[in-house]
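Novice: These are the residues of each chain, in order.
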Amino acid sequence: MSSLFKPSSNTAFRVALVALALLFGGGLIAGPMIYVRTPFFTQQQDPVDQPVQFDHRHHVGDEGIDCRYCHYLVEKSPSAGVPPTSLCLNCHEQIWNKSPKLAPVRESYFADRPIVWNKVNKLPHFVYFNHSIHVRQGVGCVTCHGRVDEMAQVEKAQSLAMGWCLECHRHPERYLRPRDQITNMTYKPTEDQLAIGKQLMEQYHVETRTSCTTCHR
Amino acid sequence: MRRFVLGQFTEAAACVEAVRKLREQGVPGLDAHSPRPMHGIDDALALPRSKVPIVALTGGVLGALGGYSLQWYLNSKAYPINVGSRPPHGFWTNIPITFESGVLIAVLSIFFGSIFVFFGLPRTYHPLFESERFRTACLDAYWISAETGDENAVPELEKKFREAGAHKVHTVVERI
Amino acid sequence: MAETAIALPPQLIPPPLIEGRQDDGTLNKSLNAYVWQPPQRGWLALFLIGLAGTGVLFSAIAITVARGIGMWGNNIPVGWAFGIINFVWWIGIGHAGTLISAILLLFQQKWRTSINRFAEAMTLFAVMQAGLFPILHTGRPWFAIYWLFPYPSTNSIWPQFKSPLMWDVFAVSTYFITSLLFWYLGLIPDLASLRDSSSSKRARIAYGIFALGWRGSARHWHHYKIAYLLLAGLATPLVLSVHTIVSWDFALSILPGWHTTIFPPYFVAGAVFSGFAMVMTLMIPARRYMKLKHVITARHLESMAKVMLLTGLIVFYGYLMEHFAAWYSGNVYEEHVFFSTRPRGPYAWAYFTQMFCNVVVPQMFWTRWARRNVWTLWIGSVLVNVGMWFERFNIVVTSLHQDFIPSNWAMYYPTWVDFSLLFGTICFFGTLFLVFLKFIPAVATSEVKELNHELHQGGGLSEVEGAHR
Amino acid sequence: MPSLKSFPIAGQRQKLWRGLDEHGAPPAPSRELGAAPPPDDATSRRSVLQLLGASAALASLGGCLKPPDEKILPYTRQPPEVTPGNPLHYATAAVIDGRATGLLVTANEGRPTKIEGNPDHPSSRGAVGPLEQAELLRLYDPQRLGVVQHLGQPSAWRDFLQATAEKARALRDSRGAGLRFLMEPGSSPLVGRLRQRLADTYPQAKFSSWSAIPLQQIHDGAQLAYGAAYEVRLDLSRARVVLSLDSDLLAALPGTLPAMRDWAEKRDPANGRLARLYAVETNLTVTGMNADHRLRLKPTHLHRFGLALLGRLAAQVPALSRYAPLQQRFPLPPESAKFADAVAKDLVAAGRGALVSVGPRQPPVLHAAAHAINAALGSACAAAARPVLHDTNAGPRTLEQLVEEMRGGKVDTLVITAWNPVYGAPADLNFSKALSQVPYSVYRSLYLDETADRATWVIPSLHPLESWGDARAHDGTVTFIQPLISPLYSGASEVETLAAFLGEGDRTAYTQLRAFWESERPDHFALNWEKWLADGFIGGTATPPETPAVRHDQILAAAMQVAPADSSAGIEINIVPDYRVWDGRFGNVSWLQELPDPVTKVTWENAALLAPDTARKLGLRQGDRVDLGLRGPPAHATVVIAPGHAEDTITASLGYGRRGAGEALCRGLGFDTSPLRHTDAPWFSPGLTVTPVGKRARLAQTQEHHSMEGRLIAATTTVEKLKETGEELAESRAPLLTAYPGPAYPGYRWGMAIDLSRCTGCSSCMVACVAENNIPMVGKEQVALSREMHWLRVDRYFIGDDTGNPGVVVQPLMCVHCEYAPCEYVCPVNATVHSDEGLNEMIYNRCVGTRYCSNNCPYKVRRFNFFSYTSDYTNTEKMAFNPDVTVRARGVMEKCTYCVQRIERARIETRLQDRRIRDGEVLTACQQACPSGAIVFGDLNDANAKVRRLHEDERRYDLLHELGTRPRTAYLARVTNPNPELA
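Chains as they are written, first to last, in my numbering: chain U, 284 to 500; chain E, 86 to 261; chain P, -16 to 452; chain Y, 33 to 1015.
Please keep in mind that the hints were generated in silico from the structure rather than gathered at the bench.
Keep in mind it's a predicted model, so treat the numbers as computed, not measured.
Accuracy of the hints is not assured; some may be wrong.
Here are the in silico distance ranges between beta carbons for each label pair [unchecked claim]:
hint	chain 1	residue 1	chain 2	residue 2	range
1	Y	Pro775	P	Pro268	56 to 66 Å
2	Y	Ser468	P	Phe406	54 to 64 Å
3	Y	Gly651	P	Phe406	39 to 49 Å
Glycine included, C-beta positions come from ideal geometry on N, C-alpha and C.
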C-alpha cells in the first residue's frame, strides 16, 4: 500500500511551477527588457578600435583644439563631418610627421584612399539626425557624446535609444546651453539649468518637436 | 504524523447522511470524497460560503481599472499622439479593453485562486492516496475521511465510521 | 411534470439524454474506454493525414515568413483576404464551445453536459488556429508578436488603443486563456478519474501530474462548483464580446460592406451557427466510432440542429438587414456593394454559395426527419461551415475589391500558399482533436455522472426526463 | 585592361523581378578613361550607410539584435564644393532626338540622385518629363555596356584608337570614299564643327541621320510651304483656339514642356477666357484626353481632313480663297464635316489666337497646309524658325539610301552614333543584313543592343551625366551637358568617337568642348564659361523666328496631288511613339516600364489598341493574342480595347519586342512594330491583317475600371456651367460636423491643391515621385497582381455614354493627408499618425504591416511591400537612392508623405537662418516636375500662399468629402470649353 507520488513530490511540483513561471515571465519577458537597457546591448562604454590611434584626450584635452576644427561640418550639415585626411596633415605635415602611429594617415593621403573609421554612434538607417540644427539650438557636444576629452578611444556615451532622444525633445530646457558653450566639455550652468534652459528656448525659438517625421522619413 | 480514517459508501445520499451525523457527533477533521459533487454535502459539513466570488470580483474590478488606466496613461500621458484628430483619451474606445482585462484578471484570479488557495493544489501526495482502495473516490464510490494527529483516537473514529454505515473502514498514515 | 409527459403524443417525446441504465461505474468505464484502448487503425490513418497537413501548414507559414506576404494573393485594394477570413472563421467556430459549456450551463440546459468537453476542446483548438493568423498576416510578424502588447520599450512608444486590432489582441488572448482555464478546470476531476482508473503506472503518473492531486474532496467541490459557475458566467459575456470585437475589426472601418452597426449580433450568431455546425461535423462520426451513442444521443443532435436553425435565421436576418440598410441609406457606395458587387460582381458565385449554404440548407432542420437523420445533419453542418467561410470571404474580399474610387478596383486571386494555410489549419485542428480524443475523455465524466444521478433522482426515469426541458 | 569581372553580366537585372534572394555583386568600375577620381568616391558616406542600412533592415529581425558594424569613409581630400550631408545641384541637359532639355540635377556626395528641370532654361522652365528623369536610372543601370567590344570580344579604347588610326590613314588616301556616318539627329554645335572637320578631311565621306521618330516631315512640309526647312516654334501663351492634327503637344515629350506650361495657364479660369482645343487623331493621346472636342479618324483620313478644312477656310479667309477646290476634292462624312465647319469658324474667329498644329508623323502637305492656315490667320502662336538639327533629313528614306550603298558594297567604314538602327529601322530595309556587309563598323551604344550585336567595334557610350557636351534646345538655345559623376564604366562620348577619326581620340570631350567654345566666343571666355556652366546654357542663343512667304501655289498643287479618300474598308495600322520608352531607347529603365501609359494604363509592354466597336466586329476581347500582318511576317500582339480609338485601325507603339543581348530588363517585353513599318509608310498603312491566335495574355494594367460610376471623383464642368458647378461643389468643401473638434495647427499647416483643369495626365509627376522617394519597381507580374508601389497615380476616367469617343478626365491621386485620417485610428502600433503640422505620417520602422490602414483608406493610396523589392538591388543601382528617404523594408506600408524630407530640410535650413519657410520654398517632387503647374503645395496658414488661394477657389472640392476625412489635398474641378455648335 503506497501512494503514486512521494511526499516530496508536492514540493517538487511547486518548485517546478515557480521555476516555470520565472522562466517564462523572467526569461522571455523581463529578461530581454532588461538586456536591451544594459551596455551589452547599447554598446555604451565600449571603446571602439580605430585604424588610427587617434587620442581625443590629447587633441581636445591637452591641445585644446575645438571640436569644430575637425568636425567642421557640425554647424552646417546633418553630418558632423569626419575630417578628410588632408585636414590631419594640416598639422601632421609638420609635427609627428615621421611617427609610425600616423603611418596609416600618410598612407591614406598619398594613396588617396580613405581611412576606414569604425562608426561609434550608430543610428538605424531610418533615423535622420541633423547635427547643425541641434548645435544651433544649443545642444552641447558633451550632452550626447560624453566627455570625449577624457576618452583615449571614443566610446558611445549614451544609449541613443528613441526614449533617450525623446527625453530631450520633450524637455529641452533640461539640457540646453548657450551657443558659445556648445563645444565646452566642462560647461556647468551658472545658475539654475531650468531657468537658463527656458530662457534659451525662448531666445533660440526651440520647439519641442515630437512628431514622428522629425526624425523618421 | 497525521492519520486519516477512511470509510466508503456506495450511495451518495448515505454518505451525506453519515457525514452529517459524524459532524453532529463532533468528529473533527471530517471530509467527504466523491467522483462528482454530492447534493447536500456542504450543509452536512457546515461549510461556510465560498470566498471565490469575492476573489473574482476583486480580480475583475482591479483588472478593469488596470486596463482602463493603462490605456488612459499610455495614450494620453506617456506619449500623446494625434491619431486621426481623435482626442488622446478616448473613453468609448477604451471600453473593450477595459472589459477584456477585467474578465482576464477575474478568470485568472478564480482559476489560480481556486487551485492554489482554495484547493491547496498541487498536492500530488496526500496521505489519503496511501490507500489503494481510495482510488474509487474519483471513480464511482463515496468516501468520508477524518483527520487526526492522535494515534489513540483512531480506533474510536473507526468505530464511529462503521456505526455511520461506512464499510471498508481503514486508516492511512502520512509518510514523511 | 408527469402530466405533460403523458399528454404528449409518443412522436413528440424527445429522445433521452442518456440511454440505458447507467451508474457511475458503467459511465466511468464506457466514457474512458477510448482512452485505454489501443489506437484504432482509422485513428492512426487520420492522425497521419493530419500530421501531413500540419506539415503543409508549417511549410506555408515558413514560406510566408521567409519571403513575405507577397506569397499570398493579397494586393492593394484587397489588403486582407484568406488570413483574416480564416481567422474569423476559426474564431467563430470556437464560439460554439464556450456557448455550449457556459451559456447553456447558465441556462441549465442538461443536454450540454455530454457535449461540453468536446465543444470546449474544439474551441481551444479552433482559437489556436485563429490565433495564428493575426500574427501571420502582418507584414512583419517578428515585430507584431510583441509590439502589439503594451510593454515598456526603450523607444518609449506604445500601442494605439483606438485600433480595433488592439482590442482584438486583448479579446483573443483573453478568450484563449479563459477557454483554456475553463476547460482545464473542468478536466481536473476527469484527469483524476483517469489517474485512478488506469492500471499503467506511467499513465497514472502522467495523468496524476495534470490532475494536480485532486482527491474529490467535498471541501474542494464546494469551491469548485462556484468557480466553475463563475467562469461560465464570465465566459458568457466574454464570448459575446470576442466576436463583437472581431466584428468591430470591420464595423469600425469606413469601408462599405464593413461599416455596419448590425455586425456584432450578426457576427455572434454567425459564430454560434458555424460553431455548432463544426461540433456536429466532428461529433457525428466521433460518437459512432468512440461508442458514445448512449451519452450523445439523438436528443443532443436534435437540440444542436435547432440551435443551428435559429442562429441560421438570425444570420439570414443579418443578411437581409445589410441589404435593407444599404438600400434605405441611399448611399451610392453601400448600394454598390450590396446590389452590384456582391450579387452581380465577379465574386457573385461566392455570394450565392454563402446564401445557399447559410440560408437555404438550414431550412431543412424545420423537419424532424432532417434533425434526426445523421446524414442530413452531417452534410448540412459541413455545408454550413463552407457557407460561413464564404460569408467571411464576401465580407472581406468582395467589399475590399471594389470600394470608393473605381480606379483602384482590382481582383483578388488566392495562391497555393493561401490554400495551404486553410487546408493546413484544418489538418492541424484535426490532429489536435485526435490527440485530445485519444488522451482525454471526450465527455465530461464527472458531469455526466452528476447528470445521471440527477435524472435518476428527479424524474426517476431518464427516458422521460428530457421532455420537460 | 578591364577584367572579365568588370563586365556587367547580362541577365543580372532580369533576376531582379523573379528571384528575390539574388544579390548581384556590383560591377567593378573601370578606370580606363580619364584621370578623374575613381567612382568609389561616388559611393559616399551616406550612401554607404544607406546600403548597409538597407541590408541590415532585412537582416535584423528585431530590436533584439545588436546594430551591425558600420564604417565611415571620409574623403582623403575634401572637394571644396562638397559638404557631406548636403546635396548639390548642377545644371546640365538631357538630349533626346537631338534637342536638349535643360536640367538641374541633384547630387549627394558626388552621386546624382534626382533630375529636375532647370527653371531658367527655355525648354524646361523647371518642369521635366518622364524620359529626361529616367536618365538617372540609365546611368546606374548595371546592364550598361562596360567595355569596348571588338567582334564580340572585350577590347579596349586604346585598341580602338589604334585600329581607327590605321583605318583613318587608309581613308585619308581614298579621300573618305566608303566612309559613312550614321548619326543620331543632332544639334550640338561641337559635333557640327567636328562634322565639318571630318568632311574637310574626308571629302567623299557622307553623313546621314537616323531616328525612328524623325522630324523630317516637318522640315519637308516647311520646304513645301516656304521653300526652305523650318520648324514651328509654338507659343501657346497667346492661343485661343488650337487645332491639333495628330500633334501630341500636351504630353511631356521632348520639346513640349513649355507648350504644356503655356496651355495650362490658358486653361485656368482664373486667367480669364479659356482657350479651346480641338484634337483630330487616330488613337487617344494625352492631347486628345485634354481636348474640348475630339474627332477620331483613320490615319489615312487624317491629312485629308486637314486639307478639307483648308478648303472650308477658303470661303472665310480671303488669303486662302484659292484653296476652295479642296473642299470638293476631299468630301467629309457628316460627323467630320460638322466638326470641320465648327473648327473653321472658330479658328477664323480666334484670328491671331488660332493655331493649327500638326504632328511629326503627318505628311508634308498637311504641315504645309497648317503653315498656310496659320500664316493666313496671322497666328501669333506659331512662328517659323530655322531647324536646330544639323540634318533635316533623318527618316527612313535617308536610311534607305545608306542601306543601298551598304548593299552595293560602297560602304567600307560605317560609324553609327544613331540609336540602334538595326532594331528601329523598318523591316523591309533589312538594315541588319546590310550592316553585316560592312567590313568595318563602329557603333556607340549604352547597351549591348541589337545593333551592337552586328557591329565590328562597339564603343560603350558615356552617359550624359558622365560626359561633357552641348546641344541646342527646341528653340535653338545652346545648352551644356556636364558630368556629375566620373564614368561608372569605361566609354566614350559621341565627340570622342568622332574625334578618333580625326586622330584626336585622346582629346577628352571637355578639352574639345572648351576649345570649341573658346574659339566660337573668345570674348571674356573664362568668365562666360563659368556662367554658362552654372546656368547650363548660353542665354539669347535661340534661333530667331522668321516670316518667310508662304508658297500657296505649291501647297495647292501638292494638295491636289493627294488622292481623295478611298473608302475601301480594311484595317489600318497606326504606329506611334511610346510615351514611356519613346522609340525603345528607354526600354531598360524600370521606372518607365512600370510607368503606366498615360492613356491605356498598360505597363511593361505595348499592345494592339483598337476601338470597342472594332473589337466587337473582329470578335476580340481584351487580352486576346493576335497576329498583325502587313506585307510581311506578322507581329504577335496582345489586344487592348481602347475607348476613343478610331474605328478599323490598330495602334501599336514603338520600342518593344527588344532582342538585344545586353538589355535583359526589356528583352522580350511587348512586340516589335518594325515588321509593320515600311520605308514608304513608316507610320500608317492600310491592309493590315488581324488574326486571332486563340491564346490570351495577362496584361499588367494599373487601372482596370474606367468609369466613375456616377460618383463625384474627378469633377469636370464647362465654362458655362462653372458658376453652378462652383455652387454644387460648395457642398463638397463645406465644414462637417464632428464630435471631436480636432487639434489646432498654429505653426505650418501643409496642404496641397491639384488643378484638374491644368493636369494633362502626362504622368511626369509619377516618375518624379518614384525618383524622389526611392519607390521600388516591382515588375510586370506584381503589377498584374495590383501590387505596384507608385505613391502617386494618375487615374484616367472615361465619361459620357459614347464608348467609341468618350470624354476623358485625368486625376493625379496620392495620399490626401486627411485631418480625420481613417488609416490612423485603425493602426494598432501608432505607425501612422498625425504630425503637429497636419501631415499624415507613415513611420516605416514602426509598421508591422497589418494593412488595415490601407483597407480603411477610401482613396487606396497606400502601398505595401509585399516582398522585399529592394534587397537585390546591386550597389550601383542603390546609388540612385535619395539618402533623405528611408528605403523601406519588406512587410511595411508606405505612401505619399508630401515629401516630408524636403519640408524637414527646408525647416532646418530656415531655422539656421532664423526665419520661416517661404511660400514656394518647399516644392514636392511631383509639383516640381509638373509641366503644367497643376500641383501646388504650401502652408495653408500663410494667407498669401498660392495653395491657400486655390483652397479658396470656387472650383475647389474635397475628394469623398462626405466621409468626413477632411483631406488636406484639395482638387479643383476641371473646366472644359466646348464649342456650343458641337454640343
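Novice: Compare the structure with the hints numbered earlier in the document and write down the numbers of the violated ones, lowest to highest.
Specialist: none
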